[in-house]
Amino acid sequence: MVAEVSVLDRTARAPARWAAHFGLPEPGTDSFADIYHHYFPRVCAYLRQRVRDSDLALDLTAIVFEKAYVKRADLRCADAAASWLFTIARNELASHWRKEIPRTEALERSARDGSFTSPGEDPEESLLRKERAAVIMGLVRKLPQREYEVISLKFDAEFSNQEIASELQTSEVNVRVTMFRALRRLRGFLENGDS
Amino acid sequence: METLRMQEQKRATELARAIDEMLAGGDPKVDDTELEELLQIARMRRDAAREAAGQAAVYERQVWELLMKKLRTEARRDLER
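Protein chains in written order, with our numbering: chain A, 683 to 877; chain B, 3 to 83.
Keep in mind the hints are simulated off the structure, nothing from the lab. Please note: incorrect hints may appear among the correct ones.
[Unchecked claim] Anything over 12 Å on all C-beta distances counts as not near chain B; from chain A, calculated: (1) Arg724; (2) Leu757; (3) Ala760; (4) Ala762; (5) Ser765; (6) Trp766; (7) Arg772; (8) Ser777; (9) Glu806; (10) Gln827; (11) Ser848; (12) Leu850; (13) Arg867.
[Said to hold, decoys possible] Covered, in the sense of this in silico footprint (three residues per stretch, anywhere, with C-beta under 8 Å from a C-beta of chain A), are these stretches of chain B: (14) 5-13; (15) 53-62; (16) 69-81.
Note that beta-carbon positions come from the ideal geometry of N, C-alpha and C, so glycine has one too.
Produce the entire structure from the sequences given, and follow the hints as far as they go.
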């Protein structure tokens, strides 16, 4: 255990060396640090879209990667990393909603909280980008739950249709049709001037 | 009824193919006005997701350090047990 603390101390400064110590399949290429680096933005964006609160999304992302670290032995190959991580993320979301921070409170917080802010970015450009993103993200939230979930896994997590089907325990055909109907519904919202 | 469902599946498959191509960095074309409109909405949603992911990336190091701190604390707690 003394060695474990020492390893963690070292890896905090040099995360890329984790794999050699923690037994992931191919050290150096599939390490936990590499997985973290690769998936952090997508996991965080996915959670941000779901909870609509940047601080909460960051907290949940930290919890997801902590759980992923604890369960790292369950990951048998790097190809399954996305599905493995987003399963943890979805479970964490479900757990969060069960404990709930009441939903109304989360929504109130989100109303005050536009989005993540990027230090050093031109404020005008940042505002325009956020407005465009906010319109489409706002409309997506009006979709029925199943369509919302498929769209989020497709575009936030960038899952393949097969991965979505596996995650939602349905068929690929059903995923494709659900996505088609969701985009049609979004087009309807846009045509009606919903926001 | 069956024909309508099959038509929908066929169009959904064509759209899904185009979306996969788009997400892989391509510039897919579809030979259908409605599918082109839906693909345009898919582009907007992809851009919004990537914008959010880009903004989230700023916090990568911060969350990593938080995670490391937490894991170190737990490792120390285990040692004390």
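Now the hints, each set against the structure:
no. : hint   : verdict
1   : Arg724 : violated (6 Å)
2   : Leu757 : holds (17 Å)
3   : Ala760 : holds (19 Å)
4   : Ala762 : holds (19 Å)
5   : Ser765 : holds (16 Å)
6   : Trp766 : holds (17 Å)
7   : Arg772 : holds (16 Å)
8   : Ser777 : holds (17 Å)
9   : Glu806 : holds (15 Å)
10  : Gln827 : holds (17 Å)
11  : Ser848 : holds (16 Å)
12  : Leu850 : holds (15 Å)
13  : Arg867 : violated (10 Å)
14  : 5-13   : holds (count 3)
15  : 53-62  : holds (count 10)
16  : 69-81  : holds (count 10)
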